[in-house]
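Model the full assembly from the supplied sequences, consistent with the hints where possible.
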Amino acid sequence: MGSQRRGVASLDAWRDRVRSALSQLAAAGAVIVLFSYLSFASDAFISANNLINIGVQSAVVAITAIGMTLVIITAGIDLSVGSVAALAGVLGALLVVEYGVPVPLAIVGGAVTGAIAGMVNGVLVTQAGMAPFIATLGMLSVARGLVYIVTGSVAVSGAPPEFKLLGQGRLGALPIPVLALVIVALAGHFILTRAKLGRYAYAMGSNAEAARLSGIPVKRYLSIVYIISGTLAGFAGMIAASRVDSGQPNFGIGLELDVIAATVIGGASLFGGEGTVIGTLLGALLIALIRNGSVLLDINTFYQQVIIGVIIWIAVFWDQYRRRRAASP
Amino acid sequence: MRIILSASMACVAAVIVLASGCSTVTVPGSGPSGGPTVKANGPLTLAVVPKAVGFDFWDSVRKGAQCAASKMTDVTLQWDGVTAETDVTGQVNLLQNFLTRQVDGLVYAATDAKVLAQVTQDALSRNVPVINIDSGTNPQPDNVPVFATDNVAAARKAADLLADALGSGHHKVAFIPFQPGTVTNDQRTKGFKEELAKHPNLTLVAEQSSNSDPNTALSVTENILTANPDLDGIFAANEPGVIGATNALNQAGKAGKIKLIGWDASPDEVKGVTSGAITALVVQNPFRMGFDSVTAMVQTVRTGRLAASEDTGVTFVTQRNINEPQVQAVLQPSCASPPA
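Listed in order, the protein sequences are those of chains A and B.
Positions in the first sequence are counted from 1; adding 78 to them yields our numbering.
Positions in the second sequence are counted from 1; adding 738 to them yields our numbering.
Do not rely on the hints blindly, as some may be mistaken.
Said to hold, decoys possible - Dumping the calculated DMTMM-like pairs for lysine to aspartate or glutamate here, alpha-carbon to alpha-carbon at most 25 Å: (1) B:LYS1009 <-> A:GLU240; (2) B:LYS910 <-> B:ASP825; (3) B:LYS992 <-> A:GLU240; (4) B:LYS995 <-> A:ASP90; (5) B:LYS936 <-> A:ASP121.
Unchecked claim - Each pair of labels, with its calculated beta carbon distance range: (6) B:ARG1043 <-> A:GLY178: 44 to 54 Å; (7) B:THR827 <-> A:TYR115: 35 to 45 Å; (8) B:PRO879 <-> A:LYS297: 53 to 63 Å; (9) B:ALA891 <-> A:ILE261: 47 to 57 Å; (10) B:GLN878 <-> A:TRP391: 33 to 43 Å; (11) A:SER219 <-> B:ASN876: 24 to 34 Å; (12) B:GLU932 <-> A:GLY332: 24 to 34 Å; (13) A:VAL388 <-> B:PRO967: 47 to 57 Å; (14) A:GLY178 <-> B:PHE1054: 32 to 42 Å; (15) A:TRP391 <-> B:LYS809: 52 to 62 Å.
It should be emphasised that the hints constitute simulated quantities derived from the structure, not laboratory data.
C-beta atoms are modelled at their ideal positions from N, C-alpha and C, and glycine is treated no differently.
Set out below in structure tokens:
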């Protein structure tokens, strides 16, 4: 009996691994198809400059989406990332412009802003018992309101040249936003595959009650997950601000949609318990490719939104199809 | 999703004072379709509603409106707006709330010409006079004047400026609109494209929207430059588009080489003109829009006489004229020296 149960457990683990590999395969397949198509359709697509651009253009969504992946694995959601990114961006810019804070400290300030917003989300979810959807929907509105209050609804500009480094600088040939993305992705991958936090996240998302009963301090770790999501949104907001050399009060309206889309396309399940950093990176890359390709081929903006929506449907349909097949004996 | 400035608190107080009945002379309009209610004296509360808060442009409208109110006695403004120009229902609700609160006059910029026409009708049927700023409604009632930029004419001029800057010979140009489907966007698109067609040496090779987001505009411009390495000129039709395009040109090392015609005049855009990254800016006069519309509204409420529609005009700002006094008055409007 005992050996049989172990056998089932290892079979389950093996099946899980195949499942997530399959969903990533789908995202990777879509990236490869689109990549091949674009290299035929546009002469300008395959060039070092354009590929670097795609990397930079995907960085803000991808970095935010890595935090979102962690949240979605716990069966939660963070709708506030766009507003939080904007709040971090304008506060970071204000610190530099109004208070003369050195740029590196201001970047930390932006990330801390995100962390605080994430902490509030975490408290609302774990202590006040709110559904993540509602808690972070409230934060979406609160953070955007704070953005307009602190800026008086006017862009914060006039920062010294080093403010541009984070978003526009390069280390050798590598743009800093891409470097930041690589570091965040490696850390995220490590957390999900090697660290206690990652194991707990999958456990909480698969079955919260079982996780609690097995002694996982669910509230603490769930809070940490939202803090990470907020911190990464804040950091991404600083990159976005640096890219346009100013804190923009209207940045990130609707960013959460691209971020959730990237995560879901990458194989994360909104039911919790599934999701990988590699999948999310592929999802973010796919969205950036669609936007890049649409401009290269001069496709109407409206069609771009339709295309991204359809790809989300396909990704979610694929996800459910796999589940049904896995569930049937 | 909207900010209520502390001004509204003061206004609530003003409304209470009104209700408690000071020495207000009120002459109701005659019949349902009669003119607006006339209040020859006593405190007035006007609602001024932009398309959205969050842009330099609307902030200048607010400054102009508040300047006008400060120069008249017993006039209180309630300034409030939604956070996205696309939040049409949000604006409808906001305006209806102002009507419920019985403001004496409504000055607003319509986020959607057709949807907001109904709100204007509601206001008129309550005898609340309406003035549209920046964007009117469809249909536009005869008794609702519009204080706005002639967007079509100004966008035509933008195409001419681009043609002048590029000179003779064949040139490729790109166009960055901001919110297809909105009246202002479509008017600028119409004016620009119609006039561009009169310059056969200019070819429009890309038309991509910024969604009024500078980061989107940046990515879009980068991608346009990738697709068209031999691009010669860009017209970006509002502030976020210009901010994004300027950054893209700077980062690609093409600032000044590719001629950029922009719109509006936020501090970063003005800096772009000074540095040479922006060839010319089409600058509206939002301060005057706010100032003149509020002045006209107070006159309408005090005398019952309707104001006439007004083209608040544009100024073309280039590196050459940027320091001239009349240009500076438009770029840095102050209540002490309001722009003409």
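- Hints not upheld, ascending by number: 2, 4, 5 and 13
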